[in-house]
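Trainee: With the hints as a guide, bring the two chains together.
Residue numbers (the working numbering), protein chains in the order written: chain W, 1 to 430; chain L, 1 to 397.
The calculated SDA-like cross-link candidates involving lysine to any residue, where the alpha carbons are at most 25 Å apart (straight line), are: (1) W:K162 x W:E173; (2) W:K352 x W:R429; (3) W:K213 x W:R193; (4) L:K23 x W:L42; (5) L:K23 x W:V40; (6) L:K23 x W:I39.
Honestly, the hints are just simulated from the structure, not real lab data. What you are looking at is a predicted structure, and each value in this text was computed from that prediction instead of being measured.
Here are the chains, one letter per residue:
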Amino acid sequence: MAVSGWFVALVALGVVPIVLTGQPVVLALWLVLVLVLGIVDLLLAGSPRAVVLSRDLPGRVRLGETVSSSLYVANTGRRRLRGMIRDGWQPSAVAAPDRARIDVPRGERRAVTTTLTPFRRGERRAAHVTIRSFGPLHLLARQASIAMPGAITVLPPFNSRKHLPSRLARLRELDGATSVMVRGQGTEFDSLRDYVRGDDVRSIDWRATARRKDLVVRTWRPERDRRVVIIIDSGRTSAARIDNEPRIDTAFESALLLAALASSAGDRVDLLIFDRRVRARVQGATGAELLSRMVSSMATVDPELIEMDWSSVPGLVRSVTSQHSLIVLATTIDAPGASRGLLSVLPQLTRKHTVVVSSVTDPDVMDAARDRATRDEVYRAAAAERALLDQARVAAAIRQLGAEVVTGAPQDLPPALADRYIALKAAGRL
Amino acid sequence: MTVAAAGETGQRVLTPTTGRVLKRSLFWVGVVAFLAIIVVIVLATAGSQAGGTRLDASNAAPPGTRALAEVLRQQGVTVTETSSLRETEQEIADPSGTTLFLYDPNGYLTAAQLREAVRRASTVVIADAAFDTLQAVAPELALAGYAGGTLDADCGLTPAQKAGKVTSDGNGYRIVDESAAVTGCLGSGDGVYSLVQLERGDSQLVVLGATSALTNEHIVEEGNAALALNLLGAHESLVWYLPSVDDLADSAAPDLGSLTPPWVTPALALLLLAFLAGAIWRARRFGPLVVENLPVTVRASETMLGRARLYQRSSARLRALDALRIGSVRRLASLCGLSRTASVDDVVAAVADVTGDQAAGIRRILIDAVPSSDAQLVVLSDELLELERAVAAAVRP
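So here's chain L without its partners, still in its complex pose (with noise of 0.2 Å):
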């Protein structure tokens, strides 16, 4: 018995402690802190350079409208922002005082919504209306592609005739229905307007193609300033709808969230929790392995079953059955008490002594057949056997 002792100063302890852990993994820490502040300061930088919401009245992005807007705030009016019908409406406090901007490039608003929204000022622009928001509202006109350019005001609307020239980068709309009480302005030809207002009893429904005139990287162009500030500063309110996702609850159905009773939630993020538990659980490993060199295990018969194989698949019959015959030769030999080195005639001869079988049988198959086919080969094969089993049973006293 060898007794193994290790003092407490040779004793080395493997797994590191948590300062250390945390003291190696400082500078990655700080690698990732600083590229992600990085990241932070870049997106904070890049809402204000490009891009934004398109016709914001808050977005002075190239696309946005804040431009407009704030000008219509400093000549009195009052502008307010919504992103859903429901808003929309309560900020709507006298209809015949307000007009109501209504942009909806992502169609959140159904037809119905969109009636109810229209019928709730008494001037509604509407820009860039699609097919289906013509259809719901608008039914006398009809879509007429891409109008661009600049634009003469051909026509007897006072902000159109105000702003003379107009450039324009957006819809065209054809009038279909001649009889309706309906104003086309800013025409390029062949019937086809990039601002038409439709007259529906007391109030005015005003479609809008042109719509990047209001842009703030537009709108000082031509006149368009003029358009954009008669159209829309007409009354002293002014709201400024852009429909959001909030639309969409709207209109569905309730959905399963206010369905469920309000612990579902709670509930699963726990259970969520105590899987993710139970997973370090049964994942923490009690110290690490211990290698070992293991030897390979390929048994020794390998070499032969290869060389069958070999032997099958050339389908080498003859050289199968000699190996077989050698064998046989070898142990009728040693039956027949003949020498190792006697001869296959002498075997031969000394068989059918023992036998008293026909020499020429014993020839052919020991030395004479040869096998055409795998069926032949096998049963050659058993002759064999059947030949040694009778040398056998001949020999023993």
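Pulled out of the complex, with its shape left as it was, chain W reads as follows (with noise of 0.2 Å):
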């Protein structure tokens, strides 16, 4: 049962009878009144219960995207179903509005649409709807609550989408670019073509142009179909929250970017998010449903508060592929003791791989290093150079093991790896 302001006002309203009267007798009969009304209220009050629901949602959402699901109501009671109508969804999901006015006539069917704007990755769930129903006046309700599950899953929002084009233009720059540029090991023969003045003399195939008495270049195009596989670190240090955004959903955007870029290169991208165990993996997907894929198996993924497993990464990679590969590993290079299990199996990954360890960095320690103006503020200065410098190390000894490290702030990261990847890709060491 529940009250409406009607009924709080209606008691009030008694005040006029009283003094106008001035009998005390008078507060006992209006209580009367107000109750009798409250009660042939709520006996005409339509049944709560008496509803069949449905929903209509919309399976999945990117981050930041508005969705609106739809919820149906029909009345199988005996009288109409006047009232408000909630749809029970997390806090998180933002449901707007939260409440609605229904008035379902008897035997109908109404719908109730709600929009959705969540603000967290994940799986974003409904649980139950309730719904108050008043009577003709409005005075008192009845309210139930149907337990009513639904669930929409929320993607991360791709936001480095915007880093594609560029990137995918310079990928294409790097295909039929002369030897000039790009002559090393591993790149393949493409075709040939006439020499244009500026062309390098070394590239002139004199075969062919004995053949064509003309001289003739060769081309070369970068190498495909090379495997990529990146390795998403969810423990614990994944959960730390840099520009109000944590580590592992930086990582998530590093890597749909560098998929993205890497299948429509050519290239086989797999996926594993570990920490101790494999949180997510997608192997052997291509093109388009590459990154359906992905988003779909990272939405639901969150840091667990627990150590990176690293011994077991070479396994790992063995598991996915035994050729040469590119392995992108997304975790935090921090301090030299919470790296050491890091730089422990790299010299077993990078014997056969190429292997890149991708970080982010905090704007906010680059700040503190610059701004000494007071003495608190030199403390400061003192202690983020102190953790730029164990980050140096750290990426010191991870070059040193034949490594490469790719570092930035949580926006910069990804243009950063995919730039890298170009740039390998162009030396033909994938």
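Mentor: Here is the structure:
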């Protein structure tokens, strides 16, 4: 049961007859009147239980976008159902409007539309629907909550897709470039074409020139069908928030950009999200299906507060591929102590593969190292310099073990990783 | 788009129906009702056993005086109980044929009311008169404290003589004005009496300190019964007056309740009810909360800030400065085009070359200076920044 504001006003209105008559007995009479009206109203209200509910939900939504969810209310009761309805979504699904007016005549069905603008990645759920049914006088209401589960998967936003066109253009420049740019081991022979002034004379194909009686040069294109394995660390360090974005979300952004780029360059991309067990795995997908499967598998992964198990990473890579490939480790390089596990397995990986370690740097630390106006800020700058020094030492150790390091602020890391991929491809190191 | 539909059978209502709520709470309603019944029974039986009002003529408990009142009635005396002065005045039809018994342990009556009451009857018995009561109606007497034990009737008063011996457990009085017509009785020595009679023209005022002699508990001891019956049964009518709160209203000025219009109280009650209804209106929630696990928000720079505060609290100036210097040396080395492995001395030499400053001064900033206060630390840090800026300006093409 619920009370409306009209009921409260009706009770308070009793002051008028009491003051006018000056008789204390009017109080009792008024209360009896209010009670009778309330009971009559309650008896005439439609049952909030005699409904059949159904939902119409889009299955997936990208973070930051808005979708509308429809709830159908069919009145199977004997009376008209008038009142309010609330679709019980989790707070981070941001359902609007929170509650809606409904008026369903007997035996009919109405739709209630709620727009959802989730602000967190993952699976957002609705638990129940609450109906408050008022009587014709709108004084008292019957209320019931009906279990009505629903879920919507909120995908990573892939904001870094804005960098994709420029990187694809640079990839096309590589394609069919002459050996001036890309000559090196591993580049594949593409075609022959006429010599133009400025081409490297070393790329002249003398045999073809002899046949054509005209200068002909060979062109190369970047290798295709290479393998890219992206391993994302979902351990405790990935939960840290930098620039109001957890490290793992930045890792997802960079992985999506790299996968989009690599798959359009003709390489095969595999994704593993791992801490002590495999949290998500995307293998053998190509083209549009790859990105779709990646975002769905990423959507529900949140960092766990456990230490990353680096010792099983080489075995994991072996289970994906045995041929030479580019391995991208999206993790954190922070302090020498915390990165010991990573450093101990890098030699096994670099022996066979090209390894890139990508890590987010904190712009706050960079800023703190520069601001030194007051005493507090000088100490903060000292601590920041210390943190940067630790990172630099770990990065140097990683480079010494034969891997590459890519670091950047959250918004800079995805394009930086894409650039490193293009550079490696141009150098024929894939 | 996926459509999730629930049939009438698959739909589960979370809110219990009114009937189920009642059924579920039946046990506790029963428990509360049972406890209430027990409390009522206990209260009802407790009233007849202990306590009750002392010297109340209808109280059958040990401190009451019902036995005395009943015996007086059997002897043909009309015993009337009153609880306010107005009531008492109405009950006394014939002042000369009436005994007024007055017992006011809580001091409800004012001096004026006391004098008024005493004037109403020819024989007035005041039990356990307190200091201010004596001041008002019997200034010849003074309170002499406790007087107990078995007392002899050693005076000319008829009730006391008939009693012979009386057990007392109450106040004693001393006669301070010997010239007045005062008779002291039941003396406990040293001029202290537990029964004093004052002659006021044609009426008598009796101050009784041995009040326990009247109670149900002690009335059968020694000559208590004879004293009580003769003292209070002298006239055909006895008014047993125990002042109560009603007497206060008579004396006080008209209070707020009598000045306000009659509708104020019901209107206030109604507004209180409206307030309660409003509270229910606003507080009734629209269905249960939907639970969600939220991540803890901790910024990654917390560790950096924590380390800074540790440096500051322990005044680790040199350590802090060294961290700043290492960062500066690294940047200076890359500005001067030296390799990452270049030693500090190489960097000092290169910086001196680029800026044209003295190598010793640069060496002091980068290596030698030891800050002895936070102010010096800030100065040295500024010098480091200045040096970096100078080198950057010098190498810029």
